[in-house]
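Q: Spelled out from the first residue to the last, the chains are:
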Amino acid sequence: AQSVTQPDIHITVSEGASLELRCNYSYGATPYLFWYVQSPGQGLQLLLKYFSGDTLVQGIKGFEAEFKRSQSSFNLRKPSVHWSDAAEYFCALAGSGGSNYKLTFGKGTLLTVNP
Amino acid sequence: NAGVMQNPRHLVRRRGQEARLRCSPMKGHSHVYWYRQLPEEGLKFMVYLQKENIIDESGMPKERFSAEFPKEGPSILRIQQVVRGDSAAYFCASSPPGVRGSYEQYFGPGTRLTVT
Numbered sequence: 048a049q050s051v052t053q054p055d056i057h058i059t060v061s062e063g064a065s066l067e068l069r070c071n072y073s074y075g076a077t078p079y080l081f082w083y084v085q086s087p088g089q090g091l092q093l094l095l096k097y098f099s100g101d102t103l104v105q106g107i108k109g110f111e112a113e114f115k116r117s118q119s120s121f122n123l124r125k126p127s128v129h130w131s132d133a134a135e136y137f138c139a140l141a142g143s144g145g146s147n148y149k150l151t152f153g154k155g156t157l158l159t160v161n162p
Numbered sequence: 119n120a121g122v123m124q125n126p127r128h129l130v131r132r133r134g135q136e137a138r139l140r141c142s143p144m145k146g147h148s149h150v151y152w153y154r155q156l157p158e159e160g161l162k163f164m165v166y167l168q169k170e171n172i173i174d175e176s177g178m179p180k181e182r183f184s185a186e187f188p189k190e191g192p193s194i195l196r197i198q199q200v201v202r203g204d205s206a207a208y209f210c211a212s213s214p215p216g217v218r219g220s221y222e223q224y225f226g227p228g229t230r231l232t233v234t
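Chains as they are written, first to last, in the working numbering: chain B, 48 to 162; chain C, 119 to 234.
Please keep in mind that the hints were generated in silico from the structure rather than gathered at the bench.
Ideal Cβ positions, reconstructed from N, Cα and C, are used throughout, including at glycine.
A couple of the hints might just be wrong.
Which residues of chain B face chain C? A partial, calculated answer using Cβ under 10 angstroms [said to hold, decoys possible]: (1) 51; (2) 74; (3) 76; (4) 93; (5) 115.
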């Protein structure tokens, strides 16, 4: 069975500091991976996705993520956090088989940004 | 191009009542997915529909829950005889047609259901 683990429930950083949110997955083949952001009371917005090719993917709002097969990880990074980045972040996986439309989500990491 | 629309945004129901949640996909999108987010949990897949067809309902509870996506109008997620455990946020997503389209899921703002 496929699964996604986000080890950090809550992270606090200062504005301007760098950020890394961790995501580990379990899947028998190469998965398709996504990061979504959810602001309070809002839906999920897709930040970036990895399907294949270059393992470093760029997304919106200055975010990037690196796929590391050997570590089964897809960590999200941003060099300098802005106060508006405070939100909940979800890592998700889609299998490359027949049920690839089923996104499996981690439990999320809540990001707090201090001024 | 308007995004995925969901209504109502908040819904309060007493135990035993019915809840109807509506989802209008983005223009040009023919695939609709419903996910449920329980408190402090990630989203869990419920059902995948195309116009007039249920493709995969493997994530739907066996009883009281049903979903449809008619030829005209929004997709509806219906919960009969709601119980307190149904309290959650229900998200709808849509995607464009095509093999890879299903990966490009765009989410609506969700309906937060509270059962009292």
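Q: All the hints need checking, so say for each whether the structure fits it.
A: Cross-check of the supplied hints:
1. 51: holds, 7 angstroms
2. 74: violated, 14 angstroms
3. 76: violated, 15 angstroms
4. 93: holds, 7 angstroms
5. 115: The hint is violated - residue 115 of chain B has no Cβ within 10 angstroms of chain C, the shortest such distance being about 20 angstroms.
Taken one by one, the earlier hints fail for this structure at numbers 2, 3 and 5, listed in ascending order.
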